[in-house]
Structure formats: structure tokens, C-alpha cells
Amino acid sequence: MTAQSTELQYETLQVHDLSIVYKTIYGDLKAVNKLNLSLRRAESVAVVGESGSGKSTLGLSIVKLLPGNARYKEGSITLNGQDVEKLKDRDLTRMRGSSAFMIFQDPLNALNPVKRVKDQMYEALNTRNSREGGTLDKEAGLKELIESLRSVRMPDPELIINRYPHQLSGGQIQRVVIAMGLLMRPKLLIADEPTSALDVTIQAQVLKLMRDLQKEYGMSILFVTHDISIAYAVSDRIIVMYAGEIVEDGPTEKVIRKSLHPYSQALIASIPKKTKDQGDLTTITGSPPNMLNPPSGCRFHPRCPFVMEKCLTTSPNFVENDDRRVRCFLYGG
Amino acid sequence: MDETVIEAKQISRYFLASKKGLLESVFRREIPIVRAVDQVDININRGEVVALVGESGCGKTTLGRLLTTLETPTSGEIIFKGEPITEHNKAKFRGKIQLVFQNPLESLDPRMALRDIVVEPLERMNLSSAEKTSMFESALSYVGLDSHVFAYRRPSDLSGGQRQRVAVARAIVSNPEFVVLDEPTSALDASVQSQVLNLLVKLHKNFGFAYLFITHNIAVARYVSDRVAIMYAGKVVETGPTAQVMTHPKHPYTQALLSAVPTTENKDLVPPVGEVPSLINPPSGCRFHPRCPYVMEICKTTEPKLRVSEGEEVACWLYK
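From first to last, the protein sequence lines stand for chains A and B. Quick note on the working numbering: the first sequence kicks off at 42 and runs consecutively. Quick note on the working numbering: the second sequence kicks off at 3 and runs consecutively.
Don't read these hints as lab results, they were simulated from the structure. Please note that a few of the clues may not be correct.
[Stated by the list, open to error] From chain B, some residues computed to sit far from chain A (all C-beta separations above 10 Å):
#: 1; residue: Glu9
#: 2; residue: Leu25
#: 3; residue: Arg31
#: 4; residue: Gly49
#: 5; residue: Gly78
#: 6; residue: Lys92
#: 7; residue: Ser109
#: 8; residue: Asp111
#: 9; residue: Met114
#: 10; residue: Gln246
#: 11; residue: Glu312
#: 12; residue: Leu320
[Unchecked claim] Simulated coverage check for chain B against chain A, where a stretch passes if three residues somewhere in it have a Cβ under 8 Å from a Cβ of chain A:
#: 13; segment: 187–197
#: 14; segment: 221–230
[Said to hold, decoys possible] Cut-off 30 Å, straight-line C-alpha distance, at most; resulting in silico cross-link-like pairs (BS3-like, lysine-lysine):
#: 15; chain 1: B; residue 1: Lys302; chain 2: B; residue 2: Lys11
#: 16; chain 1: B; residue 1: Lys269; chain 2: A; residue 2: Lys249
#: 17; chain 1: A; residue 1: Lys315; chain 2: A; residue 2: Lys249
#: 18; chain 1: A; residue 1: Lys315; chain 2: B; residue 2: Lys204
#: 19; chain 1: B; residue 1: Lys207; chain 2: B; residue 2: Lys98
#: 20; chain 1: A; residue 1: Lys156; chain 2: B; residue 2: Lys21
#: 21; chain 1: A; residue 1: Lys64; chain 2: A; residue 2: Lys127
#: 22; chain 1: A; residue 1: Lys314; chain 2: B; residue 2: Lys204
#: 23; chain 1: A; residue 1: Lys314; chain 2: B; residue 2: Lys269
Virtual Cβ for every residue (Gly too), placed ideally from N, Cα, C.
Work out the full structure, taking the sequences as your base and the hints as a guide.
Set out below in C-alpha cells:
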């Protein structure tokens with residue numbers, strides 16, 4: 042996307058031509074390939090894709106938490122005007138929290154098991170205070186902690202705050218983690234499948250909470266998920282990833298109602314909407330690509346029902362139209 | 003057609019919440035009991051697909067294990083085609099009742115060749131090697147895998163979808179009458195999930211297996227099942243024809259569950275308040291009463307039983 046310079050300052054996140062590879066004994070695994078993406082203030086974007094599509098790698102690369110064998114091969118990530126790759130360790134700690142906060146799939150690993158919830162939340166508050174140069178008042182601090190738990194719809198925050206993580210349920214821990222994130226007042230919340238370990242009813246609570254926070258605090262959300270129905274519930278814009286590339290990007294309602302790329306169409310069609318007496322479910326033939334050696338041309342071509350001659354050899358470019366973009370020769374490319 | 007294949011009567015399974023050690027025995031300390039499945043009635047007819055839907059910890063997996071004789075009920079009885087299953091005779095039902103687990107990577111022995119994995123259920127039948135090979139080949143062709151290619155491969159050589167196909171082949175090789183499928187597609191990607199669902203439906207139509215399909219995914223339950231049973235905190239709270247329960251849920255929990263599930267039709271999720279109850283110390287009366295929007299006095303003290311109401315069964319005081 043070619044953002045004009047006047048527009049640039051409104052962008053919370055700018056990812057430009059990002060390529061990330063993992064070094065493995067079998068060779069370089071190209072997890073993310075020349076990816077461009079930008080996120081506005083108070084915008085909620087869902088990244089949808091199957092396992093191995095590079096969606097989690099994208100999330101981790103923004104907060105620089107990639108595993109040791111990953112390399113930023115090319116491109117840049119600009120978060121609130123700062124180039125993430127060039128940040129030193131000290132500044133990184135500051136960035137994680139104030140600029141971006143990440144929550145993970147398994148909330149049980151996110152908290153320290155031998156410390157009370159209260160003490161762990163104080164740490165977040167302390168970090169913010171030292172950043173702002175203020176001192177921490179215990180009384181006022183405690184009040185703020187309880188207030189933040191209340192804002193994530195936690196029942197009985199006065200009791201919860203004195204408990205240890207193992208005394209809480211998965212949904213409660215996920216809410217504590219989100220509350221800690223809120224104390225840091227990040228501009229961008231990156232959530233990597235934050236609800237897959239939770240029950241359906243608790244999941245609905247967390248999703249609704251994220252929506253509310255986005256509106257109340259003007260926080261941007263990057264929501265990584267494999268479930269297109271969850272993406273629909275939580276986002277303003279959906280990005281569909283396949284084999285390390287964005288194949289479609291557009292407003293949620295439009296992408297769901299009339300998706301353009303054959304892969305997004307297949308993904309949406311594979312949600313069971315009928316009963317077994319009404320016939321077979323639509324399937325995507327073939328299996329996900331091997332990222333050590335991705336297919337030539339358009340990476341979806343071996344599984345695509347509309348495959349043409351040039352898809353085999355040439356990689357399509359984005360076709361942009363209004364607020365949508367799609368990477369497919371069916372629309373020009 | 004309405005012949006019952008398997009029936010559970012007032013079946014319960016309790017677990018001890020922790021191990022009973024020496025100290026507990028000496029001081030006769032009471033160990034808390036987890037009531038994973040508590041007095042449940044369920045019956046499945048020949049050639050019927052029943053979906054068992056509920057959240058994690060509601061006891062749906064334990065109920066599936068009870069019906070496949072992997073767990074022994076604390077109380078109640080299970081009847082397979084008119085014959086009660088007991089501790090002494092359960093071995094003879096093993097070929098007739100099969101189970102497919104959620105994660106095929108964990109349920110298939112990584113050191114066995116696929117042929118040995120698939121024919122393992124035939125071990126007790128005194129078959130010759132040639133007979134086993136032919137049964138292996140037909141089972142594999144039913145699940146859409148080439149038996150010549152796969153016979154001597156190991157589970158680690160396969161993709162997730164292929165592994166689940168092998169698990170299904172293993173379940174059907176002994177020609178069972180009843181198969182429990184415990185979240186068979188939850189570990190799979192969306193595109194692979196529909197391939198496996200299509201396969202399961204095809205096998206059901208061709209061979210008339212009765213399925214108990216355990217899932218937390220409402221869309222999957224709606225697709226595969228004829229009848230659905232909703233579980234909450236160790237109890238079945240509602241059961242009836244799938245289409246009817248999905249469109250007009252009666253029990254307040256079913257209503258809450260359906261409105262909390264994200265779909266591409268409905269953007270506004272309405273989550274129920276509160277947390278999933280503890281099974282060690284479940285709420286008195288109706289177990290859903292602390293979260294129920296229609297709670298009445300009677301709900302707090304007396305537990306509602308499953309009662310017939312307009313073609314389905316529901317355990318709620320709103321429908322007495």
C-alpha cells in the first residue's frame with residue numbers, strides 16, 4: 042500500500058516488504074515472503090490462515106520475539122515511527138508494553154506460578170511508572186490494579202488479586218494478562234489465537250472484551266487466528282495468508298460476503314453450514330505447501346480450481362480496488 | 003430401524019481429585035470427588051449419528067470412554083444390543099465398539115507400521131496373515147489411501163489429515179456397529195477438516211455405523227448429526243433432533259451456548275456471565291442456575307430431570 046506522507050503519522054504499524062526465514066537442517070524455511078501491511082489507530086485487523094501460513098511468525102516478528110533460528114531477511118517493521126529491527130535490547134523492553142503488547146495462545150504459561158496476581162500486576166505498573174518518571178504510590182497503585190481488572194469484566198477483583206495463578210481458570214488468567222497489558226497502555230495489542238485454549242462461552246467473553254477495549258481506548262488490534270468465524274466477530278479488516286504471503290486483504294464484511302481469492306473462497310466454503318443430507322462439504326484438494334520448497338508461480342496453484350497457464354510460472358501481483366487488494370490473475374494481477 | 007445399539011442407564015463416573023496416599027489413609031481424610039459424569043441416560047439407535055456437545059470439562063470425553071468400555075462406570079449400566087456390559091464380558095464387545103481420538107499423532111504408535119496399526123483390532127480373531135492383509139487393503143481404500151504406498155510407512159511420514167484417516171481405518175477394520183469419535187477434526191486445519199467429515203459421513207451412509215460424535219464445534223455437530231445431546235457439568239441437559247435443537251433451543255444453557263459461538267452470520271456475540279462450575283463441588287439444584295438468566299427459587303434447591311417436551315427432552319424447570 043502506498044501511504045502518503047501525511048497519512049503516515051496515523052499508521053500504528055507499517056510492515057514493508059518483510060521476509061523472514063527459519064534456518065533448519067533441511068535448508069531455509071521461508072515463513073514470511075515480501076509482506077506489506079499497515080494498521081491504523083483503533084483498527085482491528087484479523088490475520089487468518091492455516092497452520093504454516095506464517096501468521097504467527099508475523100505476530101512474533103513485530104515484537105521481536107522470534108526463535109533463535111529466525112532471520113529478518115529483508116524489509117522493515119515500523120511501529121509508532123520506530124524501526125523495530127534496529128532497536129537495542131533496552132529499548133525493546135520499553136517497546137514491548139508501551140508500543141505493542143502480545144498475548145499468546147496458552148495463558149497458563151504467561152504468569153509466574155509462584156507469585157500472587159497482585160505482585161505480577163505491580164510489575165507492569167512499575168514499568169509504566171518508571172517510563173513516565175513517576176513514583177509508585179502503593180495505595181493508589183492497588184486501586185488502579187483493581188480498576189483495571191474490573192475493566193476486563195473480572196468478577197470479584199478484590200479477591201482475585203490475592204490469588205496465585207493456579208487458583209484461577211483459563212479465562213480468568215487470560216483476562217489478568219489482558220489487564221496487565223492495559224496497565225501498560227499499549228498502542229497495539231497483538232493476540233495470537235488467544236481464545237483457542239478457552240471454552241466457547243469464555244471465548245465469547247474475551248472476544249467481546251477486546252472489541253470494547255478497542256473502542257474505549259483507541260487501541261489497535263492484530264488478531265491472529267485460524268478460525269474465520271472468530272475473525273469475523275473481532276475485526277474490521279481481514280487479511281488472509283497462504284504460504285507466507287497475503288493473498289487477500291479487505292473490510293471484514295466484504296471479504297466474508299464476497300471473497301475474491303480462490304483460497305479465501307474455499308476457506309469460507311469449508312465452514313459446515315448445512316446438514317449431511319444436503320450433500321458433501323466443499324473441500325480444498327491437496328495439502329498445505331512445503332515451505333522449504335514452495336510451489337512456483339502462485340503458491341496456491343496446485344490446489345486452485347481456477348488454475349491457468351501463467352499461474353504455474355509467474356507470481357501474481359496485488360490487484361488493488363477501493364479498500365481491497367487481492368493477489369490473483371483472475372482479477373488482472 | 004429404531005433398534006437400539008447402545009444404551010446407558012443412569013450411568014455415573016466419579017474420580018478422586020487426588021491420589022489416596024498413606025497420610026490420607028491413616029488420618030481417614032476425605033478426598034474430594036470429581037463427578038465427571040453424573041447419572042446420565044443416553045441411547046443410540048442403529049445407523050444413527052448422535053452429537054455430544056459441551057464445553058471442556060463437562061464430561062463428554064468421559065462419557066465417550068464409558069461407552070467404549072475404556073472406563074468402568076461408578077454406577078449405572080451400559081447395554082449393548084440387549085446385553086449388559088460388565089467387567090467380565092467387556093472384552094467380547096471390543097470389536098463391535100471402536101473409538102477415534104482427537105489427536106492422531108498421540109493415538110497412533112509412532113514405531114509401528116501402518117499395516118500393523120490398522121490390523122491390531124483383529125488380533126483376537128484368529129485370522130491368517132493373508133486375510134488380515136486383504137482387510138487392511140479394503141479398510142485403507144475406504145478411507146481413500148493407497149494401501150500399497152502406505153502399508154509400511156509410519157505415522158510420522160503422514161500429514162495430519164492422513165493420520166486421522168488411518169485412525170478411522172483402524173476403527174472400521176473390525177466392522178464395528180458403534181463408533182465413538184472424540185473431536186476427530188479439532189486438531190485439523192479447516193480445509194482438511196471438511197475432507198475428514200465427508201469421509202466419516204460416507205462411511206456412515208455405506209456401512210450404517212452408529213456414531214457418537216463428541217465435539218465442541220456447533221457447525222460440525224449440525225452437519226453430521228441426526229440427534230444432538232447437550233452436556234453441562236456432568237449432566238445431559240437437552241437432547242433432541244439436531245435441526246430442532248439448533249433452531250429452537252429450549253434449555254437456557256443451550257441458548258447461551260448457541261449465541262456465544264462465533265459464526266459468519268452473527269457478529270454480536272452474547273456471552274453468558276460467570277464461569278464453568280467446578281465438578282468437585284457442583285452448584286446445588288440445577289447446575290446452571292448461577293449463570294441462568296431465568297433462575298427461579300426451585301432451581302436453587304431441586305435438580306430438574308430430563309422430561310419430554312415437544313419432541314425432545316430437556317432438564318429445566320421452565321418446561322415441566
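Practice item. Please settle this one: glycine 78/B was flagged as non-interface, so is its CB more than 10 Å from every CB on chain A? Key: It holds; glycine 78/B is separated from chain A by about 27 Å at its closest Cβ, greater than 10 Å.
Check your understanding: When you look at the beta carbon of arginine 31/B, is every beta carbon of chain A farther off than 10 Å?
Key -> 21 Å, holds
Check your understanding: Are lysine 302/B and lysine 11/B close enough, with their CA atoms no more than 30 Å apart?
Key -> Since the Cα atoms of lysine 302/B and lysine 11/B sit roughly 26 Å apart, the hinted pair holds (cutoff 30 Å).
**Study point:** Given hint lysine 249/A paired with lysine 269/B - CA-CA distance at most 30 Å
**Key:** Roughly 10 Å separates the two Cα atoms, so the pair holds.
Practice item. Given the hint that lysine 314/A pairs with lysine 269/B, test it: the Cα-Cα distance must not exceed 30 Å. Key: This hinted pair holds, its Cα atoms lying about 16 Å apart.
Review point. Is the nearest Cβ of chain A still more than 10 Å from the Cβ of aspartate 111/B?
Key: 23 Å, holds
Check your understanding: Holds or violated: lysine 314/A with lysine 204/B, Cα cutoff 30 Å?
Key -> This hinted pair holds, its Cα atoms lying about 18 Å apart.
Exercise for review: Mind checking the alpha carbons of lysine 207/B and lysine 98/B for me, to see if they're no more than 30 Å apart?
Suggested key: 18 Å, holds
Point to revise | 8 Å C-beta criterion, at least three residues: is the segment 187–197 of chain B covered by chain A | key: Three-residue rule met by the segment 187–197 of chain B, so holds; n is 7.
**Study point:** Verdict on methionine 114/B as a residue remote from chain A, using beta-carbon distances over 10 Å
**Key:** 23 Å, holds
Practice item. Beyond 10 Å from every chain A Cβ: check whether that's true for glutamate 312/B. Key: Label holds. Min Cβ-Cβ 20 Å, cutoff 10 Å.
Exercise for review: Quick one: work out the minimum CB distance from serine 109/B to chain A and report holds if it exceeds 10 Å, violated otherwise.
Suggested key: With a cut-off of 10 Å, serine 109/B remains clear of chain A, as the shortest Cβ separation is near 19 Å.
Checked against the numbered hints above, the structure violates none of them.
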